[in-house]
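Chains as they are written, first to last, in our numbering: chain H, 1 to 311; chain B, 312 to 466; chain S, 467 to 1244.
What the hints contain is simulated information worked out from the structure, not anything from laboratory work. Possibly wrong hints are sitting among the right ones.
A short, non-exhaustive set of chain S residues, derived as facing chain H with CB atoms under 10 Å [as the list claims (entries may be wrong)]: (1) Ala582; (2) Asp859; (3) Gly1042; (4) Gly1116; (5) Asp1119.
All values reported here derive from a predicted model rather than from experimental measurement. Heads up, the beta-carbon is just placed ideally off N, CA and C, and yes, glycines get one too.
Here is how the chains run, residue by residue.
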Amino acid sequence: MCILKEDGRLLEFHFSDEAGCLHTFDYVRVRDVNEAIALLQAAPGEVRPLAGGTELVPALQTGRLPVRCVVDIKGIAPLQELAYRPDEGLYLGAVVTFDRLLAQPEVRRLYPLLVEAARQIASPAVRNRATVGGAVCVAAAYSDWLPALLCQDAVGLVMGAAERRIPLAEFVCGDGCTRLAADELLVGLWLPSPSGAAVGSYQKLRLGHGSRITLVGAAIQAHAHDGQLQDWRMALTAVGPKPFRVSAAEALLNQENPTAAVIAEAVLRAQAAAAPTDDFRAGADYRRAMVGVLVRRGIETVLARVRGAKP
Amino acid sequence: MRHEITLHVNGHEHRLQVESHHTLLDVLRRQLGLTGTKHGCDCGECGACSIWLNDRLVLSCLVLAAEADGAHVLTVEGLAASGEFAHLQEAFIEHHGMQCGFCTAGFLMAAAALLRENARPDAATIRAALAGNLCRCTGYHGILRAVQTASRMRR
Amino acid sequence: MNPVRKTQWLGRPFPRIEAGLKVAGGIRYLDDMAFGPDLVYAAIVHSTRPHARLVGVNTAPAQALEGVLAVLTGRDVPGRLGHALADRPILAHDRVRYVGEPVAVVAAVSPELAVAAAQRVKVTYEDLPGVFDSEKALRPDAPLLHPQVDEYERRAFVHPRAGTNLAHVCRARRGDMEAGWQAASTVLADTYRGAPIQHASMEPHGAVAQCHPDGTITLWASTQAPFVQQATIAQTLGLDPRRLHVRAAAVGGGFGGKSFVSIEALVVLLALALPGRPVKLVLQRAEEFTTTFVRPALLAHVRMGADRHGKLTALEAHYVWDAGASADALIELAWAAALAGTGPYAIPHVDLTSSVVYTNHTPAAPMRGNGMAEVHWAIEQHMDRMAAALGMDPMSFRLRNLIKGGDPVWDGQVMHATGLEQCLRQVAQAVRWQAAPGKPSSAGRRRGRGLAVMWSPVLRHMAISATAVVRLESSPAAEAIQPVVVEVGSPDTGQGFATLVVQLVSSLLGVPPEWVQLQPIDTARSSFSGPGLGGQLTWSQGNAIVRAVQDLRGRLLSAVAQAWDEPPGALDIVEGVIHSHASHRSLSLRQLVQEGVRLADGSVLRPELRGEGRFEPTAPDEAGDEQALGVVHFSTGAQAVEVEVDLETGTIDVLHIASAFDVGHALNPDLVVAQIKGGAMQALSATLFEQVRRADGIPLNVRLSDYHLATILDLPPTIEAVVVEVPQGDGPFGARGVSDHAGVGLAPAIANAVAQATGVRITAMPITPEHVWRALQT
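Just chain H, same shape as in the assembly (with noise of 0.2 Å):
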């Protein structure tokens, strides 16, 4: 399903490719990651790791991906660690599923905004399918994964040629594009230990409660240190191309306290930094309003939880 566009104007729609291809490709299962690189280097760009095939295989049933092959990375074992060293930080294998995720005691415990933003993903379903890798590689403008980890600073390790460790805010590079090379795979992503007890808030507006597509989400995490919040961090998505810190609204927080009239200052620096655009699902002028009310409301529900509150 496409719809081509020149000078802003939609000319066509699609159902499908018009080459159509005939699902002629091979489908391989390897344990190694060197296995894969390989396979990946064969013939790059024809070649696709896949996970949990939750974006994937449907895409593949549309004949619409110009694919020979598609190397099932699941059971490659240093892909699935799920791993917390206090000194070290947290590292996700590549093909760690949402729902291990959220079962993991130390992610419950010191990354309560990656559970709340991992809980909100599709459904129940594909969050025992889908993987925290695949998400990434996936680098949808509206991703709900996308705007929590980069509340993390994580890292993605890549493996090719070469090994890469390319911070997240850089491996995204726009609407599903990312600066994995076609004969690269994303092995795992590496969260830092928080710099304190972290405290977040996932906002998100959609259409219903039920509704895959987020509109607007903020994420706001801010890490508890006797009573004081230091080292805010703030993340919108579907809001640009990508999912993005807002570096300016984070300096606020961390140099004043968050009384109403800096949370307002904080509130028109994340608005100034969106750059939605008008499409079917919303317009831009309500989604930068909308961007305002969901960046106050995750200031104030963090400051209300460090309190105590659950709101």
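Here the structure of chain H is known, so what remains is to put chains B and S in place on it, guided by the hints.
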């Protein structure tokens, strides 16, 4: 490309020839004749194809058959045959948790997955567990009541 | 004849007969049926342009693929489909009129190959200016979709205007408008918009056809109207209808989207091209949104007047329906809107016009309510605004104007007895209408309550006729069951109609329910039935069944009475055994079927074991008169809601839905309640979320995630159904239908509640958060 796979479906072992692009849903319906699992959309957005794969609730339209080699699969037919969730099925009948019935198998698989992990879920938990399944007929009220009733009945 | 008033299994809960199969995955829908190794798969080549001349369709690249068996284009298929107005080519002829229109159809040995082949068909277009708005379509300079519409075959009650995009216009008038406006102290006019939405049954459209050696063709379809499909397809293809047998598979939801011909003619064409081989087509979800049908968008111009006592004096309304590229499925809807376009009010001076307009959109078909949800969206909001202008409470204003039994409707017709007022009072009480609004759950949120009443007509034409056959079959001696076979022509699409049939037959005949066997529908064998439109199956088909059972019962009892030399009135059938009150003799039906009954002279009398019933309320009047399609009766009801609105985001939470409908007599109260609640939630989804979004005719949200249907998370904490029973004079045991009407009042009730909570009035559906937010900014 062809693959030979083994599937343990509803307690029976099957050796099957599948194509790379076949989904688990395709194979269950076309090769094994297990048509209780439905094809409602093409991309994991309706829940009608919900099954259990190695005891986890998944959407069979999002899984390639080749990926499931060696796996244990439970479909609505197997759930019904086991009798383990007869109380849930009866509650769906009693509370009119279905009308046209096209979504029913998916709801049963999702509800059973919930009840196995949480014998006494509250209404909010039931709603969250069934949020990925669409029903156009019942308005969900009968389904919610059916799952609540089943949780009270206990097995 | 023996009067039959037995109600053993009626008026009380009775479990759905097929429920056990449904919870075990055992019901076979179209795509679940097996057709053997010769099965061929079809795929559609769609138009990618909203309006274009077809320059060329090159099928060679598709035909070159091994395993492709046939590729058909519009060149192969002259003629147009239509049961009221033949305005839709099966495959586009010289031009395409909407994105998604079938341009060619492919048959291949696997579904994947069929899709791949369809993608290889090269279509060359020459774009034409399109028209994407029903108002613009009526302008004199608008591009025409069907320049020769007046030459198309049509029924007498269809009124196209040559040289325009007006496919049909109808009008209903009474009184003297000048007098009506003169009498008014308050006159208010506004325009309301209903969005195009999709029926979105969970089961996509599917059909299989096979041409047999004897020349007959079987069409298996997921259909609400097998007889309509048989007649329409046969007529278009120039087939003897007796050659085409339509068999209805189990239907996974329809809501009107399966009441007409959509894809079925395509598989029949392929079956004719590939004799002997069954050909199957099951749509993908995206095709459901573009290629089948949508509920029509409505533009409603309403002008209403009331005097200073709050009595309505005049109503002028123009309902403009966006038909898309084909108006055929909207003709009766347009009539219903004209004839019930006042809402359920007694208004002396009325002028209603209903227009069906061509645009370059996917063809429209009625969805649940036959246009009434859209009409009431306008009228019932307007009533609240009139009340406000008059300084009256919306409920009091409605009570003052509600139509009552005996009030005049159209020429010579008066309203029958109705529980409308009771429905209104019940729902108002349920949401505590008189009490102060509830406290919102947090600051920045407001609560409001809203209500709406409704009525919905059964038209003479929609009711065409219904027939039923009930017969006793002989069974092996060892069987404890005496089969009672019932043949009807309307499928159960999930509402529970089959269960109702079993209840009716077992109660009336006097046999255990498990004896009753409903025959699968096959137009070659089954009793004819009109389309199940307008929620009238219980009434029309139910009456036919009652008559068929009476017929059979009469035959059986008079034979036995003759043999026993007793008056038939002394006999009764209880649990499958004929008893005499007079002589205390008895004879089981099984014995009667197997051996007959012995007369005094020793000879054996074998009564005919078959009863027929036919119900036809009034002969369809096809005179040219614009008001020819009279209303047979109205269903009525009311709905009320409480909502909470987030003033910052515009998000709406529906906290409480109360619905009350006058169903005449609830033959199965559980099924009635299930219909009422399910209909309310379907309407909630349409009200808050749904819209087929398009840009210049190009559909934008053809995935369920982008379209969004209500989920269980959107279910209000409280949802209740009240059953009101004012008997329908000519209904089976006083019953009338409910399924179609169950959502009709919900959208305006929600809009009215939002207005009460926020002070802003949303006149265009859906009431999305953004929509509310925008209204709040001004």
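Quiz item: Going by Cβ atoms only, is S/Gly1116 closer than 10 Å to chain H?
Solution: holds (8 Å)
Practice problem: May I ask you to test the interface hint for S/Ala582 with respect to chain H, counting a Cβ-Cβ separation under 10 Å as satisfied? | Solution: holds (5 Å)
Practice problem: With chain H as the partner, please determine if S/Gly1042 meets the hint condition of a C-beta pair closer than 10 Å. | Solution: violated (48 Å)
Quiz item: Against chain H, is S/Asp859 within 10 Å by beta-carbon distance?
Solution: violated (31 Å)
Quiz item: How about S/Asp1119: closest beta carbon in chain H under 10 Å, or not?
Solution: Hint holds; S/Asp1119 Cβ to chain H Cβ min 8 Å, cut 10 Å.
Checked against the numbered hints above, the structure breaks hints 2, 3 and satisfies the rest.
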